[in-house]
Amino acid sequence: MNVSTRGRRRLALLAAAIAWVWSWWALLVGLVWGLDLRCDDSCSGDGWRHTQDAWQWYLVAALGLGAFAAGLALVLLVWRRRVRAAAIAVVAEALCGAALAVALAPGWWQHLDSRNAWPLALTAASGLCAVVAVLLTRRATAQ
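Note that the numbering used here has the sequence shown beginning at -5, numbered continuously upward.
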């Protein structure tokens, strides 16, 4: 393994680790709202978001856990140089994160302005890191 290959692999691992660190946010949000806060002060009205014991809250927790697990899988798969599986992990993490965002705040994209767009910017940067990690990963060679 030459110097440029080692540097490329380290950069891929760093990018995957950044994406994984951001997945902690999804885990925290999913577990806190899915298992504890739930509808909190707005437990009156129509729909599952206003029902304390709705089954969908467990799905919110599962989506946070799924995003975190996919982020961890990305790091491990990049380390093991499994390019296709790492790409699948990126897609899984993105789907879990998007579903979590829609579950907790339907129509969130309609309320973006310069004051509250930073979570979306950080999420986009994390997603870009995940894609870069996959693109920089070279397939493992048979020995």
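Since the hints were made in silico from the structure, they are not lab data. In this text, a Cβ means the ideal position worked out from N, Cα and C, and glycines have one as well. A portion of the hints provided could be inaccurate.
[Claimed, not checked] Ranges of calculated distance between the beta carbons of each label pair, as one might list FRET restraints: (1) LEU70 / LEU122: 16 to 26 Å; (2) TRP102 / ARG2: 18 to 28 Å; (3) ALA134 / ASP30: 39 to 49 Å; (4) LEU31 / ALA92: 19 to 29 Å; (5) LEU89 / GLN46: 18 to 28 Å; (6) LEU5 / LEU114: 23 to 33 Å; (7) ARG4 / SER38: 20 to 30 Å; (8) ALA134 / ASP47: 40 to 50 Å; (9) ARG4 / TRP42: 39 to 49 Å; (10) ARG0 / TRP102: 35 to 45 Å; (11) ASP34 / ARG0: 23 to 33 Å; (12) SER(-2) / TRP73: 17 to 27 Å.
Hints and how they fare:
Distance hint check: the CB atoms of LEU70 and LEU122 are about 20 Å apart, consistent with the given range 16 to 26 Å. Against the hinted window of 18 to 28 Å, the Cβ-Cβ separation of TRP102 and ARG2 comes to about 36 Å, which falls outside the hint. Look at ALA134 against ASP30: about 42 Å separates their beta carbons, and that is inside 39 to 49 Å. For the pair LEU31 and ALA92, the supplied restraint of 19 to 29 Å holds, since their beta-carbon distance comes to about 21 Å.
One distance hint, 18 to 28 Å for the beta-carbon pair LEU89 and GLN46, holds here, with the actual separation near 27 Å. Checking the proposed 23 to 33 Å range against LEU5 and LEU114 shows it holds: the Cβ atoms sit about 25 Å from each other. For ARG4 and SER38, the hinted distance range of 20 to 30 Å is not satisfied, since their beta carbons lie about 53 Å from each other. At roughly 47 Å, the beta carbons of ALA134 and ASP47 sit within the given window of 40 to 50 Å.
For the pair ARG4 and TRP42, the beta carbons lie near 45 Å from each other, so the given range of 39 to 49 Å is met. Under the hint 35 to 45 Å, the C-beta atoms of ARG0 and TRP102, about 41 Å apart, fit the expected range. For the hinted restraint 23 to 33 Å between ASP34 and ARG0, the CB-CB distance of approximately 49 Å leaves it violated. For SER(-2) paired with TRP73, a C-beta distance near 18 Å keeps the hint of 17 to 27 Å intact.
Going down the numbered hints, you'll see the structure goes against 2, 7 and 11, while the others check out.
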